[in-house]
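Now for the letters of each chain:
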Amino acid sequence: MTGQIKSHFYVFCSDRARNGKTLLARLFCGYLPNVGQNQFHVFDTSSPAGSISRYFPQNSEIIDFNKTSGRVRLFDTVMGNPERNHIVDLQSEHLSDFFETYRNIEFDVEARAQGIGTVVYYMLDRDDKSLQGAHDLQDQINFAECILVKNDQIEKRSSYNPDSDLAVSLNHLRTIRLPVLSDELLNILEQETFSLFDFIAGKEADIAYDIKLELWNLLDFFYGQRSPDSHGVTHYI
Amino acid sequence: MKPTLILVGADKGGVGKTTTSRALLDYMSRNNILARAFDTENPRGTLARFYPGITEIINLEEVADQMKVLDTMNTAAVKVTVVDLKAGVMSQALEVFENIGVLEGARNGDFNLSLVHVIGPSIASLEEMEQVTEYTKGISYVVARNFINETNFFEWDEKTFKKYFAGLSNAHEINIPKLNEMAYELIDLAGVTFTDFIANKTAKGRDADFSFVLRGYARKWIRDLDAELEQLDMVKSLQELQRSPEPKAMAEAQG
Chain A
1 MTGQIKSHFY VFCSDRARNG KTLLARLFCG YLPNVGQNQF HVFDTSSPAG
51 SISRYFPQNS EIIDFNKTSG RVRLFDTVMG NPERNHIVDL QSEHLSDFFE
101 TYRNIEFDVE ARAQGIGTVV YYMLDRDDKS LQGAHDLQDQ INFAECILVK
151 NDQIEKRSSY NPDSDLAVSL NHLRTIRLPV LSDELLNILE QETFSLFDFI
201 AGKEADIAYD IKLELWNLLD FFYGQRSPDS HGVTHYI
Chain B
238 MKPTLILVGA DKGGVGKTTT SRALLDYMSR NNILARAFDT ENPRGTLARF
288 YPGITEIINL EEVADQMKVL DTMNTAAVKV TVVDLKAGVM SQALEVFENI
338 GVLEGARNGD FNLSLVHVIG PSIASLEEME QVTEYTKGIS YVVARNFINE
388 TNFFEWDEKT FKKYFAGLSN AHEINIPKLN EMAYELIDLA GVTFTDFIAN
438 KTAKGRDADF SFVLRGYARK WIRDLDAELE QLDMVKSLQE LQRSPEPKAM
488 AEAQG
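Those protein sequences? They're chains A and B, same order as listed.
First residue of the first sequence: 1, per my numbering; consecutive thereafter.
First residue of the second sequence: 238, per my numbering; consecutive thereafter.
Hints listed in this document are in silico derivations from the structure and should not be mistaken for laboratory results.
Among the clues, some could well be false.
Here are the simulated DSS-like pairs of lysine-lysine, each with C-alpha atoms no more than 27 Å apart in a straight line [to be verified]:
(1) 150/A with 212/A
(2) 457/B with 441/B
(3) 374/B with 249/B
(4) 457/B with 415/B
(5) 438/B with 67/A
(6) 374/B with 305/B
(7) 67/A with 457/B
(8) 415/B with 67/A
(9) 305/B with 239/B
Values in this document were obtained by computation on a predicted structure and should not be read as measured data.
Construct all of the structure, not just a fragment, from the sequences and the given hints.
This is the structure we're talking about:
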């Protein structure tokens, strides 16, 4: 049934808000032009104001996932454009609806048949409930690759037991880390005018040297975590 | 093999009778069970729009049309007959069928007769169940609770429904699950069967461009509906009429 994978559908999600999900999606999308991937498309589910779309206005659209029309727009766009990568920055409030729709319409089966691979980045929060969310997510996705993301800033205050049965049941998943960032760097990353692509290309001159260094270290660490997934595919992070 | 007559009706309008008839015909088509249909919504015929090849529009008040349905059951090559009764005529049709001996024939086992009574969540619908009990003795009586377009209805009061349902000794209950409104409307607008919509085909069998997501919703709905229908003895008995899959012959027979 499966042919060659032509593109990927990347989902950035969590059961909780404000734990670095959009930052992670931004770092991901910001890196794509550096590897010649200019034709990616981002779905911003933070309707109506938008969030990640502010950083990639040419490559993104805001979707109201509460509405059927928004769901149709999102999944039909992906299926109708199997040659390009798609990224979803999923608001935590839509997590369960998103994957219920995903399962009901048998998205991953059909996507796989079209040569679209699905990769889900799940941002772990600080407690067992979030671990349970990651555990439950695996029942919803058949062929998708699930990658856990631990935000060191959140991990510092985590309350779950890493030796619990629940935590151990997730050990087989690939896990990556988002390191703690200084407030100064976060402020710069928050600016809509800031472009990772320009920074990597050496065009962002108006940044203090120590912040530049921190950002280079972050990128080096972050993208250095790349390794092949269970299908042998190496993703951008 | 005894012929089977399935009456789909309700006295209340807008509860989903034709949708239920379409769902039954769709089930039979997918399971290679040949069926013919009569649409009593004279002269327009909503069911006929979706199944033009196997549906005839009739006026059940006309004796000639009653004969078309009943006198041909034994001789027709297709052994399953579905009659979609238009709103308001169910009680009247049952009375006529009682008077001319159709219900008696079914009770004597001359043929299988099922009444699929589609109800919405209103007291008027529930009272209909009481009104038809005198006709449903000795025949298969199915109460189909229609949730497919539930947005038009207020919430079901389960307690009230159970009270009415408990008074029916021989009734079987099924739920027609909810289908996403946009998917439902698009299928309706396109005038295609549920199966064709899922397969992304037009009514003429050409490739269509229906939404992947809406087709996915319809596929899930069909699966859930099949699970409901397959609980029914009426549907189990239809399995005996199942033909070995011969897609070309099937398509020809179904027009």
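Going through the hints against the structure:
{"no.": "1", "hint": "150/A with 212/A", "result": "holds (23 Å)"}
{"no.": "2", "hint": "457/B with 441/B", "result": "holds (24 Å)"}
{"no.": "3", "hint": "374/B with 249/B", "result": "holds (22 Å)"}
{"no.": "4", "hint": "457/B with 415/B", "result": "holds (10 Å)"}
{"no.": "5", "hint": "438/B with 67/A", "result": "holds (25 Å)"}
{"no.": "6", "hint": "374/B with 305/B", "result": "holds (25 Å)"}
{"no.": "7", "hint": "67/A with 457/B", "result": "holds (18 Å)"}
{"no.": "8", "hint": "415/B with 67/A", "result": "holds (16 Å)"}
{"no.": "9", "hint": "305/B with 239/B", "result": "holds (18 Å)"}
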